[in-house]
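Student: Starting from the structure of chain A, add chain B where the hints point.
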Amino acid sequence: MTTPLAHYLILAALLFGVGLAGALARRNAILVLVGLELMFNAANLNFIAFWRFGPRPEALTGLMFVLFSIAIGAAEAAIGLALVIAIYRHRRTAQVDRFDSLKG
Amino acid sequence: METIVKYIWMIPAAPLLAAGAGALLPGGRRRLGAGLAVGAISVSFLLSCAAFAATLGGGRAASHFRWFDFGATSVQLGWVLDPLGAVMAVMVTLASLLIFIYSLGYMAGDGNFTRFFCFMSLFAAAMLGLVLANSLLLFFISWELVGLASYLLIGFWFQKPAAAAAARKAFITTRIGDLGFLVGMLALYSKTGTLLFYDSGHGCLDENFVGGLVVSTAIGLLIFCGAIGKSGQFPLHVWLPDAMEGPTPVSALIHAATMVAAGVFLVARVYPLMTPHALQVVTWVGALTAVFAAAIAVAQNDIKRILAYSTISQLGYMMMGLGAGGVAVGMFHLTTHAFFKALLFLGAGSVIHGCRGEQDIRKMGGLRKRMPLTFAAYAAGMMALCGVPLFFSGFWSKDAILDAAHHWRFSQAPFYLGLLGAFLTAFYMTRQVCAVFFGKPAPGDAERAHESPPVMTAPLLILAVLAVGAGFFGTPAWPWFQKYLEGGKAGFDLSKLLDGSALTVMLLSSALVAVGIVWSGWVYGRAARETDPLEKAQPALFACLRQKFFVDEFYAATVIRLTGAFAMFCDWLDRVVLDGAVRALCWLAVGLARLNRNVDESVVNGGFDAGTETVRGSGEWMSRFQNGQTQRYLRVIGLAFCGLLVLLLWGASWF
Chain A
1 MTTPLAHYLI LAALLFGVGL AGALARRNAI LVLVGLELMF NAANLNFIAF
51 WRFGPRPEAL TGLMFVLFSI AIGAAEAAIG LALVIAIYRH RRTAQVDRFD
101 SLKG
Chain B
105 METIVKYIWM IPAAPLLAAG AGALLPGGRR RLGAGLAVGA ISVSFLLSCA
155 AFAATLGGGR AASHFRWFDF GATSVQLGWV LDPLGAVMAV MVTLASLLIF
205 IYSLGYMAGD GNFTRFFCFM SLFAAAMLGL VLANSLLLFF ISWELVGLAS
255 YLLIGFWFQK PAAAAAARKA FITTRIGDLG FLVGMLALYS KTGTLLFYDS
305 GHGCLDENFV GGLVVSTAIG LLIFCGAIGK SGQFPLHVWL PDAMEGPTPV
355 SALIHAATMV AAGVFLVARV YPLMTPHALQ VVTWVGALTA VFAAAIAVAQ
405 NDIKRILAYS TISQLGYMMM GLGAGGVAVG MFHLTTHAFF KALLFLGAGS
455 VIHGCRGEQD IRKMGGLRKR MPLTFAAYAA GMMALCGVPL FFSGFWSKDA
505 ILDAAHHWRF SQAPFYLGLL GAFLTAFYMT RQVCAVFFGK PAPGDAERAH
555 ESPPVMTAPL LILAVLAVGA GFFGTPAWPW FQKYLEGGKA GFDLSKLLDG
605 SALTVMLLSS ALVAVGIVWS GWVYGRAARE TDPLEKAQPA LFACLRQKFF
655 VDEFYAATVI RLTGAFAMFC DWLDRVVLDG AVRALCWLAV GLARLNRNVD
705 ESVVNGGFDA GTETVRGSGE WMSRFQNGQT QRYLRVIGLA FCGLLVLLLW
755 GASWF
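Chains as they are written, first to last, in our numbering: chain A, 1 to 104; chain B, 105 to 759.
So that you can see chain A by itself, here it is in the shape it has in the complex (with noise of 0.2 Å):
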């Protein structure tokens, strides 16, 4: 009666992989930006998934770390905006391909 866990499994590898092909895909910095945040998700999802179907699963330790993780996400996802806005003053666009300053 209740969902076996590979459904969740496989749901948090298509949602991997959906983030990946937009970080990879996208032009846009904001959208690569939302693609990093889907795959970040993709693993939470797989950390709760492995905890509810593990074998301590009264202990709240899972819960605990997908909501450290999720603080240091949001977090993380502050700075990569502030960098994003940063870039697009400095340089007017904010077209991923056309960061190609670091390189030597």
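Don't take every hint at face value.
What the hints assert, rightly or not - Partner residues aside, some chain A positions facing chain B, computed with beta carbon under 10 Å:
no.	residue
1	24
2	25
3	26
4	32
5	96
6	97
7	99
8	100
9	101
As the list claims (entries may be wrong) - Calculated Cβ distances over 10 Å to all of chain B for the following chain A residues:
no.	residue
10	50
11	51
12	64
13	76
14	90
Everything labelled a hint here was simulated from the structure, so no lab data went into it.
Note that beta-carbon positions come from the ideal geometry of N, C-alpha and C, so glycine has one too.
Tutor: Chain B in isolation, oriented as in the chain A frame:
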């Protein structure tokens, strides 16, 4: 005497110090520079007088010190005080002092006044060092210093090319003689092992020492070579007339006290070394020079050149006196000659000064009235030089020489040559005096001539007194000078004057002098100024005399041309052979260097270049992966992750 010889070094040291101090003075300190020189020579004069007084009793004292050692032997220098040196020192300092005072007036207008007195002091110091030296080496050092000072002074007006050339000529010509002197000195040293003159029995001039020594004629003749050069004897006399380019006081100093007297003094000093054969050569050279130079003097027109040839001639007499008669005879004429020749030169200087630098006797005349003091002094000097009997010093000293030549046992020819010279001397001196002081003045400077200032005429008058009086110290009746030099007492004996042969010689020479003066006075007293009467009578002979027997031309055609050719050969040798060798070496070095560079550039540098090129190329290739495209990095990471995944899931079976 033993004490005074310890301090005798101060005689040359005083003018030397004055010369040194004068050299350091700025050119503007004229009074100080001249005062130093005159003061120093006065000090030397007083010291010389003291030394002279100490030698009056005869005897000899010497002091010496070690200069340096080489090996087991040591070189010693020293000072000697004996009648010969003392009388010479007094004569040199007195003549120098008078000439210095005279120069105060003569050089007053010269810009290099201080330098002049510095050089003059050096000249006097060198000569005094020579006179008092007790070592042939110290003698030679002073001798060369005399040569240097004469070079500096003859070329004093070096901006005149003739003066510079004359200075060079004097220096080089005397150097030829000095070479002989040097060789003779070395030969003497190798034979005797000492160069000291007197060293209590061990010096090369000490009597018993010379007795044991086989003195070779060659050494004497080699040393005489130095005297030939310095004293202007034939054939090295050519420098002396040219030396007239220097200021007149310099000429006076050279001719009277310092330079040319050095040669005669050298022969007198080393007299014990002179073998009879060597003395024969000395006599012949002297006699020939006496006549030769007197003949040339007849045809000269430059007032100083006439005097220069007269000096050469008189030096010949001195040599003749040394060779035929001995030290006293030669030295007596040297002393009297020093005074009257200084007088004549200073008188000529006064004339030149009065005529504003004119030296040609044809452009003078009638100066007797305009320059009475100079004329009186000059006349005294002229008569002393001619040997006018009884009252003039030249008569007594020249007569002593003629007398000695008359008694010479080898030949009578020098005696007759001497007589001929005496006649010629009277002839040319009268000619000169007639042209300068008598007759009508030539138009130009001679008409405006004026008497010189007292600072110049006073030394003239003092010298005139000396020129007259010096002779009475060596007459046959009272041969004080001769006895003083040789040791012994001179007695007064008038009858010696009337001694047969002496009287004959005296009468003969007096007659010749009278003939010379009267004849010359008769010919030149009324001659027109433009052409010389002698030239009209004997044009060929006169031209030959005017050109000084073509000695200069002869040297130019032989010695100088030969030297020139040799110099050209040396030049060629230097340029072609030696330079060629050097150049070949250079080319070799350059070729090696080129090879070295090529190896370095192509092989060594090439290897490094290739290595760095490879590193750079690979770096360029690798840098293409880092293009700054974040998404591409991510893509690579993603693909690599996928690859890793595949490897982990299925790859186990591959390993």
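Student: Compare the structure with each hint and give your call.
Tutor: Status of each hint after checking the structure:
no., hint, verdict
1, 24, "holds (6 Å)"
2, 25, "holds (8 Å)"
3, 26, "holds (9 Å)"
4, 32, "holds (7 Å)"
5, 96, "holds (6 Å)"
6, 97, "holds (6 Å)"
7, 99, "holds (6 Å)"
8, 100, "holds (3 Å)"
9, 101, "holds (6 Å)"
10, 50, "holds (18 Å)"
11, 51, "holds (23 Å)"
12, 64, "holds (28 Å)"
13, 76, "holds (16 Å)"
14, 90, "holds (15 Å)"
When each numbered hint is compared with the structure, no violation occurs for any of them.
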